[in-house]
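Protein chains: 2
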Amino acid sequence: MRPMARWAMTGGLLTAALAAPLSTPAHSAPATLYAPSALVLTTGHGEFAATTAPERAVTLNCAYTTSGTHPDPRRGCADLDRVNGDLDRLAVLRGNEAERPCTKEYRPVVVTIQGVWRGTRVNYEHTFANSCLKETQGASVFSF
Amino acid sequence: MRPMARWAMTGGLLTAALAAPLSTPAHSAPATLYAPSALVLTTGHGEFAATTAPERAVTLNCAYTTSGTHPDPRRGCADLDRVNGDLDRLAVLRGNEAERPCTKEYRPVVVTIQGVWRGTRVNYEHTFANSCLKETQGASVFSF
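Protein chains in written order, with my numbering: chain A, 1 to 144; chain B, 1001 to 1144.
Note that these hints are calculated values from the structure, not bench results.
Idealized CB from N, CA, C, for every residue including glycine.
A few of these clues could be false.
What the hints assert, rightly or not - Chain B stretches covered by chain A per the calculated footprint, using a threshold of three residues with CB under 8 angstroms from any CB of chain A:
1. 1065 to 1078
2. 1106 to 1119
Said to hold, decoys possible - Which residues of chain A face chain B? A partial, calculated answer using Cβ under 7 angstroms:
3. 59
4. 61
5. 69
6. 114
7. 115
8. 116
Chain A on its own, in the form it takes in the complex (with noise of 0.2 angstroms):
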C-alpha cells in the first residue's frame, strides 16, 4: 500500500472512532471496546444445580488480562479458547483418562458456568458420573 493511501484510511479510521460517541444517547454507558468475558463457575455433589448446593465458586475474566479466583485463571481461559466457547467440548477436553484409572462409583459432582463469555451470556451445567472423571475426563477450568 503506498503511504497516501495508508494515511488516508487510518484517517477514515480515526474520524469513525471519534465520531462515535457522539452518536450515543445522553445517560448511556459509553461503548466497550472489547466483548466482555467474565464467569462464575460452581461445583457441588449431585445431579442437578438446581437442586445441589454449590460447594465451591469461583470467578474468572478472560479479557486482556486473565483473573479471578479460579486458582488458574490463564489455562482455564485457554481451555475456553480452545473449544471457543463451545462449553459442551469442556467435559471431555483433557482426555488423559488412562494416567488416572476411575472407579464407575456414582457420586455425581455437577458443575456450572455462568456470565458471559465474548460478549454471549453463558448458562452451561455439567454432570460428572464422580469427582475422579471430572479431574481426569474434564477440561484444567474445572479443576478448582
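Given the structure of chain A, go ahead and fit chain B onto it with the hints provided.
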C-alpha cells in the same frame, strides 16, 4: 474458665477438626470452611436479559477479602451485606433521587446478578427505565 477446662475444650475441638477429613469419601473435595460468594454482574440496554446483549460484565467476590473486576468490590459487597442477600432490595437501596433528577425517558437497562451468595445460588434480574435511574435509585453495586 479454669485452665484445665479450657485445655479440655481445645482438645475436643482439635479432635473434631482432625476427625472430620476421615469421614469424607475418596475423591471428594475437602469441605470448604466458609460459604462461597462469587458473582458475575452484567448490564445492557434492553428490557429482558434473555434478549439483551450484555454490554458489560464484571465479577465480584465477597469472601474473606473482596475482589473482582467490579470497579468497587468493597462497596459492592457492602451493598449485598446491607440487603442480606435479598437482591430485590438492591434496586431501591440508594434512594438519593433528589440529588440528581432523572427524566422519565424509557430506554430500559437490564442488570443481572448470577452466581453464589453465601452458599446459595442467585439468579437475579432487574430492569430500570433508564440508565439515570439505575445510577441514582439502584445500589452502588450496579455502578459498573
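Now for the hints, and whether the structure bears them out:
1. Residues of the region 1065 to 1078 of chain B lying with their CB closer than 8 angstroms to a CB of chain A number 3, which satisfies the three-residue condition for coverage.
2. Check on the region 1106 to 1119 of chain B: 5 of its residues sit with their Cβ under 8 angstroms from a Cβ of chain A, so the three-residue criterion for coverage holds.
3. At a threshold of 7 angstroms, the smallest CB-CB gap from residue 59 of chain A to chain B is about 4 angstroms, leaving the interface hint in force.
4. Nearest Cβ of chain B to the Cβ of residue 61 of chain A: about 5 angstroms, under the 7 angstroms cut. The hint holds.
5. Among the interface hints, the one on residue 69 of chain A holds; its C-beta lies about 5 angstroms from the nearest C-beta in chain B, closer than the 7 angstroms criterion.
6. Contact between residue 114 of chain A and chain B, as hinted, is supported at the beta carbon level, the nearest pair being about 5 angstroms apart and thus within 7 angstroms.
7. Evaluation of the residue 115 of chain A hint against chain B yields a held restraint, the C-beta minimum of about 4 angstroms falling below 7 angstroms.
8. Annotation: residue 116 of chain A was flagged as interfacial toward chain B, and the flag holds, the nearest CB pair being 4 angstroms apart, inside 7 angstroms.
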